[in-house]
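Note that the protein sequences, when read in sequence, are chains A and B. So the first sequence is numbered by our numbering: it starts at 3 and just counts up by one. So the second sequence is numbered by our numbering: it starts at 1484 and just counts up by one.
What the hints contain is simulated information worked out from the structure, not anything from laboratory work. There could be a bad hint or two in this list.
Said to hold, decoys possible - Calculated pairs, DSSO-like style, for lysine-lysine (alpha carbon to alpha carbon, straight line, at most 30 Å):
no.: 1; chain 1: A; residue 1: 72; chain 2: A; residue 2: 204
no.: 2; chain 1: A; residue 1: 159; chain 2: B; residue 2: 1664
no.: 3; chain 1: B; residue 1: 1599; chain 2: B; residue 2: 1576
no.: 4; chain 1: A; residue 1: 15; chain 2: A; residue 2: 72
no.: 5; chain 1: A; residue 1: 22; chain 2: B; residue 2: 1736
no.: 6; chain 1: A; residue 1: 22; chain 2: B; residue 2: 1906
For clarity, every value in this text was computed on a predicted model and none was experimentally measured.
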Amino acid sequence: MDTIRKALAVAVKEIQVFSKDRVWMITMLAVPLAVGAMNSAMQGGGSDDIHLPVIAVNQDAGAYGESIAKVMANIDQIDLQTSNAPAAAEEQVRTGQVLAAVLIPADFTQRIDDYQPAVITVVLDPAQAEFGRIVTTIVDEIAGALAIQGEIRYGIKEVLADTSPDAMANPAVARAAQAQAEGVLFTQLQRMETEAPIAVQKETLEGKQVLVWDNIFSIILPAWTVMFAFFIVPALSTQLLTEKEAGTLRRLVAAPLPRSALIGGKVLAFLLVVLLQVVVLFSIGAIFMDMPLGESPLALILTTLALGLTATTLGMMIAALARSVSQADSIGLLIVFVLGFLSGALSPQNPPYRGEGLMATVSSLIPQAQAQWAYLTVMFQNGGVADILPQLAYLFGLSLVFFLIAVWRFRYE
Amino acid sequence: MKLLSVTLKDLQVFVRDRGAVFLLFLLPFAFIAVLSLATQGVTLGQNGADSDQARLPLTVVNNDAQGQAAQEFLAALNDTGKVEIVLEDQQAKVERQLNDAVLRYALFIPSDFSAKLTAGDQVSVRLALHPFANQADLLTVERAIVRAAREYLTMGYLNDGLEQMAAMQAANPQAASTFSKERIQQQIEAQQAQAEQRPLITVATTTPAVKGEGQAAAEENLPTYGQFLVVGMAVLFVFLAAQNTARSIYEEKREGTFRRLMAAPIGKASLLDGKLLLNFLLVLVQVAVILVTGGFVIQLFGLPPLNLGTDLLGLVVVCVATALCSTCLGIFIAAIARTESQISGFSTLVLFLAGMLGGAFVPLFLFPGGLANLSRIVPHYWAVQGLYGLFFRGQTLADVWPNAVALLAFAAAFLVIGVRRFKFE
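Start from the sequences, fold in the hints, and give me the full structure.
Structural data, given as structure tokens:
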């Protein structure tokens, strides 16, 4: 009992020290909000928010070239510019000003009318090739529709060519046949657009057990809260090592304080900072961003406690294993950033730990991923303690391992 | 000379901290290896499974497995080259995986698919989406399905068009016989044979850097998302190294060694410059380790290497300018930070935000509104864009010199403000 009282006294003293460093406290609370807001703004909410800068160079005076440019201009996800100079357009791609240039050659329509293969060239910015693939797919789809037109037109022309010359000698008959061919083409295109034999029916899952959210910020904030909670790792480990290097730990050991109370008090102070961080961020999220908090406060509290304990005991372990402040800081940063990214903090709406394969396995072993998983289950799927038992067991288990290693290896002098 | 002595002495101190030296090499290697491994063959916003770089994995439940039309439709879907079809037998299992977000989307083909198409009826394929589905991936998958449907139906549309034409020509006795069933069938078969040999319209993909080498070379040379991320992260880490500079200066101030050293016959400038020179060299070493690891060492582990471009001089200039900017940023941080936690915590987060704004994580065109224009106010932007240009866009020093100049301008500004605000005691 006495040890706990002394540990609490150390914790209170530490918190008084923290509170004097207002910049650090603001950092721990305000920056996750700022980063989360920026990330939300960058990621947007859906495909309508994707705007791909593309330049089209249509050198074809015929109908097919014009058709491609017109269809592309009407696609919401493409911000289309036009140019007459292929070299200038390629230069824009080369310098990263646009994502892709779509080059339609001068003889495009002529070649299709002659039933000769025609090529549309898509010049991609290699630095953004992943997004360039979307442009290629869109152009490919447009090309598919045009190819159907070309095939029908050519088929009618070929069969009509079998008609005796006498039959087509009358200009009125020839004009009528031409008009009929255009009518057929129009009918088939209309059919293709409005009543295609194969329709694609898109359905987004709905229901209580499906992870859903009202706005992107509400799902990004828990992930960033978890990632920023681990900033306590470099902070705690560097502070312990700084005290060790400065000799203040050695002096404190001489005081009438059990070592466990001394170290426990310090860790408790950092744990309280993490808990405060979560409470403040989640309150802001719930009040201002419609972020749901789920139906089980107990599950939410246990997840937060597990997160805090994992981060603080990890900080202790780093302090025990690192030989200098700079080492502890570097390892801490590695944990925050590399593990944070691998846990899916950059795209929490698309978490890698819930997939399959190597990436999913690696990701799911990371404590940040397990904490995010638990929060998402509680907050967005209305899960209870029973639903997150594996995540809680993993995090509390890791905390115990980190704590035991820290106690075993930590030297006060 | 005194400057070099200070640098040498600091280097000796640094080398004694073997752990720090180890981390200098391990940290860049670890993050490149981990990021490359994690993103190897995985596209933006994975669908839960690894895929080859060019295709997105698409789980398909074909409930009409015996139907010829369903098989032909799936073959057309595969021929688009956009998706990698993963066939699953159990619809319930796939629906469960969708519910749990293990899969983000899946395609369901109904059992009457072939029968309905043969009867001339409309049929729907169902693309079920989880809300986690990446919108960019969805755009590709959905359009590939539409493309495949059209490809599969091309000859059907031709048949219908010719039959419609035959009906119109029925009133013309001289032409009516031309559009006989046999002639229409003969024409369709001829065009089908042609279409199988060579499509009427193809879309060729190329890049400015490898133009002239053909489509295959262009597609082979396209960087993976992992490589894109490695460059951004490398720049982020180089600027995070500014904290080491700031911390080493702060520690000297805290321990009073600066004050004591000022009693020695060494000028303040030599003292500070000596420290900066060492940190500048260490950042350069870190950059070199990142480049060698990304460009060469990583291949030993079977991972795709980073293309380091063709202009060595351009690369050296951009890297030196970036390292100098980072070092000068270090003295700026040391001058304005009041506590050690401000150096480790606050500056980390500010540098992280700056990296994000500079385009180290996501392409600038994804930024909303005018946010992309703000990117230019952070040095990260100039470093990231310079390296993208050299590595991926085939650019040379002639193209990226403005980036180097911008980085040097930032370095000068940080140095001037940092030195003016710096207090040795």
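Numbered hints the structure breaks, given as an ascending list: 4
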